Amino acid sequence: MATIPSLPSRDDVARIARSTTDITGQLLDTAGNITRIAINTFDPRDGSGAEVLRVLRQTTAELAEASASPEAQEAFYRIVDTLTRLGTSGAPLAVHPVSEPAQALLTALGDSLLPVLDAVEPAVEEAAEALGELVDATSPLLPAAAGVVAGVLLALAPLIRAAADVLRDSSPELRRIADALTAALAPLVPLQVALAERAAAAGVGVVRVALPPLADITEAAAAGLKAGRPLLIAGEEFVVSGLERLQPLLLVSASRVGRVARAGAVRVTAAVSPAAERGVVVAVHPV
146 MATIPSLPSR DDVARIARST TDITGQLLDT AGNITRIAIN TFDPRDGSGA
196 EVLRVLRQTT AELAEASASP EAQEAFYRIV DTLTRLGTSG APLAVHPVSE
246 PAQALLTALG DSLLPVLDAV EPAVEEAAEA LGELVDATSP LLPAAAGVVA
296 GVLLALAPLI RAAADVLRDS SPELRRIADA LTAALAPLVP LQVALAERAA
346 AAGVGVVRVA LPPLADITEA AAAGLKAGRP LLIAGEEFVV SGLERLQPLL
396 LVSASRVGRV ARAGAVRVTA AVSPAAERGV VVAVHPV
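Note that the numbering used here gives residue 349 to position 204 of the sequence shown, counting from 1, and the numbers run on in steps of one.
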C-alpha cells in the first residue's frame with residue numbers, strides 16, 4: 146500500500162519562498178539589463194543608433210539586391226507554385242468524410258459532361274454566331290423597342306406609386322394578413338414534408354418502372370426516324386421549294402400593300418391639314 150507523503154514543514158516553505166523571490170529578482174535584473182542595452186544601442190546621442198540603422202539599411206539593400214536575382218525569383222516562383230498546389234489540392238478536406246463522395250461526384254460529372262460538351266460545342270458556336278447575326282439584323286428595331294418600354298414604364302410609374310402609397314397606409318392590415326397566413330400555414334409544413342417524401346418515393350418507383358418502356362419507345366422512334374428520313378427530307382424540300390415559288394408573289398403583294406399604305410397616308414395627311422401645299426397631286430394607279 147502506497148504511503149501518504151508528509152506535508153512540508155515551515156522551514157521548507159520559507160526556503161521555497163526565498164528561492165522563488167531570488168529567481169524573480171534575477172529575472173527582473175536580466176530584463177532591466179536587456180532594456181538598458183537596447184536603449185543604449187538605439188540612443189541617437191551616442192551615435193550607436195545611427196550606426197545600427199546604417200547597418201540595417203545596408204543589410205536590407207543587400208537582401209533586396211540578392212532577392213532580385215533570376216535565381217532567387219525562380220526560387221520564389223517555385224515556392225509560390227508549390228503553396229498554390231497545396232492549397233488547391235484541398236489538403237484540409239482530404240481527410241474529411243465528405244471529401245470522398247464529393248470527389249466521386251465531381252469525377253462522375255466531369256466524365257459525363259466532357260463528352261457532351263465536346264459533342265455540342267460546334268452546334269453551340271454556330272447557334273451563337275446565328276444569334277449574333279440576328280441581333281445585328283434586328284438592331285434598327287432596338288431603339289423603337291426601348292422607346293416603347295420607356296413609355297410603358299412611364300405610364301406605370303403613377304400606378305406603382307399609388308399602389309405603394311396604399312400599401313404603406315395599410316401596413317397594419319398587411320401585418321394581420323401575414324400573421325393569419327403564418328398561423329394557417331405553419332401546421333401544414335410537417336404535412337407537406339411528409340407528402341413530399343411520399344411523393345419522392347412514389348416518383349422513384351414510377352421512374353424505375355417507366356424507364357425500360359421509355360427506352361423501348363425511344364429506340365422504336367429512332368428506328369422510325371431512320372426509316373422515314375428520306376420522306377422527311379422530301380417533305381422539307383417540298384416546303385422549301387414552295388416557299389421559293391411563293392417568294393415573288395409575296396414580294397409583289399408586299400410592294401402593292403406598301404404603295405396603298407403610302408397613298409392612304411398622303412390622303413389622310415392632306416385631309417387633316419388642308420392648309421398645306423396644294424401643288425402636290427398624288428395619283429394611285431392599280432398595278
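Just so you know, these hints were derived from the structure itself, not from any lab.
All values reported here derive from a predicted model rather than from experimental measurement.
Some hints could be false.
Claimed, not checked - Label-pair distances were calculated between CB atoms; the ranges are:
| # | residue 1 | residue 2 | range |
| --- | --- | --- | --- |
| 1 | E364 | V225 | 40 to 46 angstroms |
| 2 | A291 | A360 | 47 to 53 angstroms |
| 3 | V352 | E274 | 58 to 64 angstroms |
| 4 | T327 | V225 | 52 to 58 angstroms |
| 5 | A408 | A291 | 27 to 33 angstroms |
| 6 | A329 | P285 | 50 to 56 angstroms |
| 7 | R412 | R313 | 39 to 45 angstroms |
| 8 | G403 | F383 | 28 to 34 angstroms |
Every residue gets a Cβ at the ideal spot worked out from N, C-alpha and C, and that includes glycine.
Each hint, compared with the structure:
The hinted window of 40 to 46 angstroms between E364 and V225 is violated, with their beta carbons roughly 55 angstroms apart. Between A291 and A360 the beta carbon distance is about 49 angstroms. The supplied range of 47 to 53 angstroms therefore holds. Taking 58 to 64 angstroms as the suggested C-beta distance range, the pair V352 and E274 does not conform, at roughly 38 angstroms. The hinted window of 52 to 58 angstroms between T327 and V225 holds, with their beta carbons roughly 54 angstroms apart.
Between A408 and A291 the CB atoms are about 31 angstroms apart, so this pair conforms to the stated range of 27 to 33 angstroms. At about 54 angstroms, the CB distance of A329 to P285 agrees with the hint of 50 to 56 angstroms. In this structure the supplied range 39 to 45 angstroms is violated for R412 paired with R313, their Cβ-Cβ distance being about 53 angstroms. Taken as a hint, the range 28 to 34 angstroms holds for the pair G403 and F383, whose Cβ atoms sit roughly 30 angstroms apart.
Checked against the numbered hints listed earlier, the structure breaks hints 1, 3 and 7; every other hint is satisfied.
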